[in-house]
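Q: Sequence:
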Amino acid sequence: MKLSMLRYAVIRIVLVSMCGCVVAPAYAEQLSPMPRQQLLYEQAELARLSGSAEQAGKILAGMDEGYWSAVGYLNLSGDYARNDLNASRALVALRVALAMADKDSDAQRKTALRSRILLRAGYLAYKSSEYEKAIGFFEKIPLNSHITPQALYFHGLALSEQGNHRAAMQSWHRAKKYSLAYPGVADAWIGMGRGYDLSGYLGQAGEAYLAANAAYESERVTLRKLAGQIEERGAYKALVVDARGAKVDWFLADSRTLTQPRMAYLLSFLEPRAAQEAVNRVVGLAEMEASLERNAQDLDVFSTAIAGQLESPNFPGQASIEEALQDSNARLKAHLSALQQRGGEGGLTPDQRLQLRIIKTTLSDSEQQLHKLSDNSAYRSTNLKALLKEARKLRKQSIVHLESVSALRAQAEILLDRLALDFVSAQDKRMVFALDKTEQQIAHLYEYLALKELDSGEQVK
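Okay, so the sequence shown: first residue is 1 according to my numbering, each after it adds one.
Quick caveat, the hints were computed from the structure, so don't treat them as lab data.
Mixed in with the good hints there might be a few duds.
Derived DSS-like pairs: lysine-lysine, alpha-carbon spacing no greater than 30 Å straight-line [what the hints assert, rightly or not]:
| no. | residue 1 | residue 2 |
| --- | --- | --- |
| 1 | K140 | K110 |
| 2 | K127 | K140 |
| 3 | K127 | K177 |
| 4 | K177 | K429 |
| 5 | K110 | K133 |
| 6 | K127 | K437 |
| 7 | K429 | K127 |
| 8 | K58 | K110 |
| 9 | K140 | K177 |
| 10 | K103 | K133 |
| 11 | K177 | K237 |
| 12 | K58 | K127 |
| 13 | K103 | K58 |
| 14 | K58 | K133 |
| 15 | K225 | K429 |
| 16 | K396 | K385 |
| 17 | K177 | K225 |
Being a predicted model, the structure only gives us computed values, none of them experimental.
Whenever a hint applies, use it, and build me the whole structure from the sequences.
A: Structure follows, in structure tokens:
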């Protein structure tokens, strides 16, 4: 079955999921035999997952430049980063991945993959205390990607480590404008308070932490509403379908976001492969259900039309016209016989007798055609009855298949709802964790201010 536009768009978008996980193939289903480059990529992945990074590297080195080799080197860099104390080998693999990705003919896919590689490279450089290099990687990431908030957060961290707290806070302020569903946004809210603290503006730091707390609490309300929408309308309608709409009066609409929150939660939800497959199942079954419904309706209309024809097999006057034609043909034949008898007595010329024979042949042909017309009228009812029987049989089969598909879709939607509710619960726990962090920062700040005030009092005494 051909991928629908929705499924194609979703799988393409999920390609840019966060760093630290293996990239899945770009499509959820294979429409043709696996291309050679993808086959080599799969072989490299098998070697890498079995612990043989060296063998995986050899396979990747023999591949053509493009998407699959870039993904392979990106995944290989993750192994290097986990196993090596020094990030140099992982960064080299990422630079090779960037070079491979530049040869991808799909511009949109290339941009998404480059953003992911740059995010991973910037993070590794930051962890290695190579802050200038990390900043360079982060600043190459386009601002229209859903990984941009996380890149802005790490960009601010690198600037902060260089002592440039003002510039760091500018990056975090930009990240705050995105939905809290994106990784990095919740941390950016905390980063603002930390930036004021390090800059010596303790009062503004406290206000920033309180604002972060309010944002997290508001997002928890939002998530509870989302969970209610999923329970009431189903995850497919509440997340996938509504995310395509242009309305802004959805329960997540918020003036401080630059991107649609619905799409933000949809993208975050669809990062795991299990969620992608769950959505694909519902979409495929929904398309099949709609097709069967149309077939059943078309067959119902066809059956009604045939039944109407059987109730009035002839148009008005058809039988009387057939009888009149037969009577007229009989009278002409009788008149012709009389003329031929006179011609036999010598009253007609040879040419006239020839004309009479031609007329007789024509009348005989006309009589045969009239008989066929009557026969067709007789068979017409039988043929229509056979068609009606077949149409009703096909409609009944369509209804049976429709009921089966509807039952399967209901089961698929239950599974999707369960995954979506688990996702919302995990998002809520993430907000709770962020709340705990800000409350700790507020407590430390108040404790520091209290100690400072106490020290000041003792000095005055």
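Q: Compare the structure with each hint and give your call.
A: Comparing the hints with the structure gives:
no. : hint        : in the structure
1   : K140 x K110 : 14 Å, holds
2   : K127 x K140 : 18 Å, holds
3   : K127 x K177 : 26 Å, holds
4   : K177 x K429 : 21 Å, holds
5   : K110 x K133 : 22 Å, holds
6   : K127 x K437 : 22 Å, holds
7   : K429 x K127 : 26 Å, holds
8   : K58 x K110  : 23 Å, holds
9   : K140 x K177 : 20 Å, holds
10  : K103 x K133 : 24 Å, holds
11  : K177 x K237 : 26 Å, holds
12  : K58 x K127  : 28 Å, holds
13  : K103 x K58  : 20 Å, holds
14  : K58 x K133  : 28 Å, holds
15  : K225 x K429 : 15 Å, holds
16  : K396 x K385 : 17 Å, holds
17  : K177 x K225 : 21 Å, holds
No hint from the list above goes unmet by this structure.
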